[in-house]
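J.: Letter by letter, the chains look like this.
Protein chains: 2
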Amino acid sequence: MTPRTAPSTAPTRARLIASAARLFRENGYHGTGLAQVLNDSHAPKGSLYHHFPDGKSDLAMAAASWVSHGMIGIIDDAFGDATSFAGGATTFCYKLAKLFETADHWQACPISAMLFDGPDNDDFRNHADQILSSWSAQTAKHGRRLGMDPAKADAASELLLLTIQGAWTLARARKSADVIRRIPIHLYE
Amino acid sequence: MTPRTAPSTAPTRARLIASAARLFRENGYHGTGLAQVLNDSHAPKGSLYHHFPDGKSDLAMAAASWVSHGMIGIIDDAFGDATSFAGGATTFCYKLAKLFETADHWQACPISAMLFDGPDNDDFRNHADQILSSWSAQTAKHGRRLGMDPAKADAASELLLLTIQGAWTLARARKSADVIRRIPIHLYE
Numbered sequence: 001m002t003p004r005t006a007p008s009t010a011p012t013r014a015r016l017i018a019s020a021a022r023l024f025r026e027n028g029y030h031g032t033g034l035a036q037v038l039n040d041s042h043a044p045k046g047s048l049y050h051h052f053p054d055g056k057s058d059l060a061m062a063a064a065s066w067v068s069h070g071m072i073g074i075i076d077d078a079f080g081d082a083t084s085f086a087g088g089a090t091t092f093c094y095k096l097a098k099l100f101e102t103a104d105h106w107q108a109c110p111i112s113a114m115l116f117d118g119p120d121n122d123d124f125r126n127h128a129d130q131i132l133s134s135w136s137a138q139t140a141k142h143g144r145r146l147g148m149d150p151a152k153a154d155a156a157s158e159l160l161l162l163t164i165q166g167a168w169t170l171a172r173a174r175k176s177a178d179v180i181r182r183i184p185i186h187l188y189e
Numbered sequence: 001m002t003p004r005t006a007p008s009t010a011p012t013r014a015r016l017i018a019s020a021a022r023l024f025r026e027n028g029y030h031g032t033g034l035a036q037v038l039n040d041s042h043a044p045k046g047s048l049y050h051h052f053p054d055g056k057s058d059l060a061m062a063a064a065s066w067v068s069h070g071m072i073g074i075i076d077d078a079f080g081d082a083t084s085f086a087g088g089a090t091t092f093c094y095k096l097a098k099l100f101e102t103a104d105h106w107q108a109c110p111i112s113a114m115l116f117d118g119p120d121n122d123d124f125r126n127h128a129d130q131i132l133s134s135w136s137a138q139t140a141k142h143g144r145r146l147g148m149d150p151a152k153a154d155a156a157s158e159l160l161l162l163t164i165q166g167a168w169t170l171a172r173a174r175k176s177a178d179v180i181r182r183i184p185i186h187l188y189e
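Chains A and B, in that order, give the protein sequences.
For the first sequence, position 170 (counting from the first letter as 1) is numbered 170 according to my numbering, and the numbering increases by one without interruption.
For the second sequence, position 168 (counting from the first letter as 1) is numbered 168 according to my numbering, and the numbering increases by one without interruption.
FYI, nobody ran anything at the bench for these hints, they're computed from the structure.
Treat the hints with care, since some could be wrong.
In this list, chains with the same sequence are indistinguishable; a pair is considered to hold if it fits within one copy or across any two.
With a straight-line cut-off of 25 Å between C-alpha atoms, the simulated DMTMM-like cross-links for lysine to aspartate or glutamate are [stated by the list, open to error]:
| hint | residue 1 | residue 2 |
| --- | --- | --- |
| 1 | Lys-98 | Asp-122 |
| 2 | Lys-175 | Asp-154 |
| 3 | Lys-45 | Asp-122 |
| 4 | Lys-95 | Asp-129 |
| 5 | Lys-95 | Asp-54 |
| 6 | Lys-175 | Asp-123 |
| 7 | Lys-175 | Asp-58 |
| 8 | Lys-152 | Glu-189 |
| 9 | Lys-45 | Asp-154 |
| 10 | Lys-45 | Glu-101 |
| 11 | Lys-45 | Asp-178 |
| 12 | Lys-175 | Asp-122 |
| 13 | Lys-56 | Glu-26 |
| 14 | Lys-141 | Asp-154 |
| 15 | Lys-56 | Asp-122 |
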């Protein structure tokens, strides 16, 4: 889920975002202090409020967007060579399972960790909704490109999103990504 | 998800568990202090370590078990009068959607909130795995009772669990339980 290209922003801002994303995932929004983010990113003390005037909540929104950008890249990679929605979706699940297994710190769904553990904040919820919806919109776009009926592509993509979200949670409990690989994609076509 | 019968334990213990369950859901594991739990439950100060020698982690485990007991009750209610797996599963989704809409404080998946936001703790993970697996085992049991092929009942129940878990997350982002009601149960049979 790491973006394939560096964000087009100053290095300090990018470092703050990457550190915040990791720490929120590991310790939750409430469990992360700004001092930890500064320390982890080796950013100058004044830089945080310079780049993120509202502090922690701004940082959480930016970190979620950054992570989401990476997820869209994974979706495009997975569907790039696919000849059917099911093929692309299966590759997508395998890529997520691999990500789950190889990256120690990718164990929480980053959007859940950053947004749902935050305060009961409408901006956070709207941002989470937009992000999650953008993922299913992206798989639906690929479905349509591959000849799927548009309504079916939308329905299959929303169901895929829900199932992956749940499978990721269960994979964390089981410490095994098998449940992500076993998602029965054929049912969705 | 509130158990229909009071837990068969001392009232103080039950009050501590109910308060902890609510606070962990609202503020996460890291965001909840034991002083808040004591204050919220009006429990005597010494009672917490008397009932929960390991403190917060013991309390989280007990709260998760209590919530899970309530969920099993909802599953049994939903499938009690059903004549098919799809019928029971549809009622189950409608009951969850109603719960989502009527209870202000039922907005996080309680098992995720209590266990996944906790420390990277094997006991927590194993407990979450057992709890989540017990929910799908219970719907599978009803499926078999209603004449479903056992392997199919297991597969449909696991998929139902994953989808509900993801739908609950998306419902939180959208502030609408419609996504829980719209789960296409017919695909799972």
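J.: Each hint: holds or not?
T.: Status of the hints after comparison with the structure:
| no. | hint | in the structure |
| --- | --- | --- |
| 1 | Lys-98 with Asp-122 | between (33 Å within a copy, 21 Å between copies) |
| 2 | Lys-175 with Asp-154 | between (31 Å within a copy, 20 Å between copies) |
| 3 | Lys-45 with Asp-122 | neither (29 Å within a copy, 36 Å between copies) |
| 4 | Lys-95 with Asp-129 | both (23 Å within a copy, 23 Å between copies) |
| 5 | Lys-95 with Asp-54 | neither (35 Å within a copy, 39 Å between copies) |
| 6 | Lys-175 with Asp-123 | between (32 Å within a copy, 12 Å between copies) |
| 7 | Lys-175 with Asp-58 | between (32 Å within a copy, 21 Å between copies) |
| 8 | Lys-152 with Glu-189 | both (8 Å within a copy, 19 Å between copies) |
| 9 | Lys-45 with Asp-154 | neither (45 Å within a copy, 54 Å between copies) |
| 10 | Lys-45 with Glu-101 | neither (34 Å within a copy, 43 Å between copies) |
| 11 | Lys-45 with Asp-178 | neither (42 Å within a copy, 44 Å between copies) |
| 12 | Lys-175 with Asp-122 | between (32 Å within a copy, 9 Å between copies) |
| 13 | Lys-56 with Glu-26 | both (16 Å within a copy, 18 Å between copies) |
| 14 | Lys-141 with Asp-154 | within (8 Å within a copy, 32 Å between copies) |
| 15 | Lys-56 with Asp-122 | within (15 Å within a copy, 29 Å between copies) |
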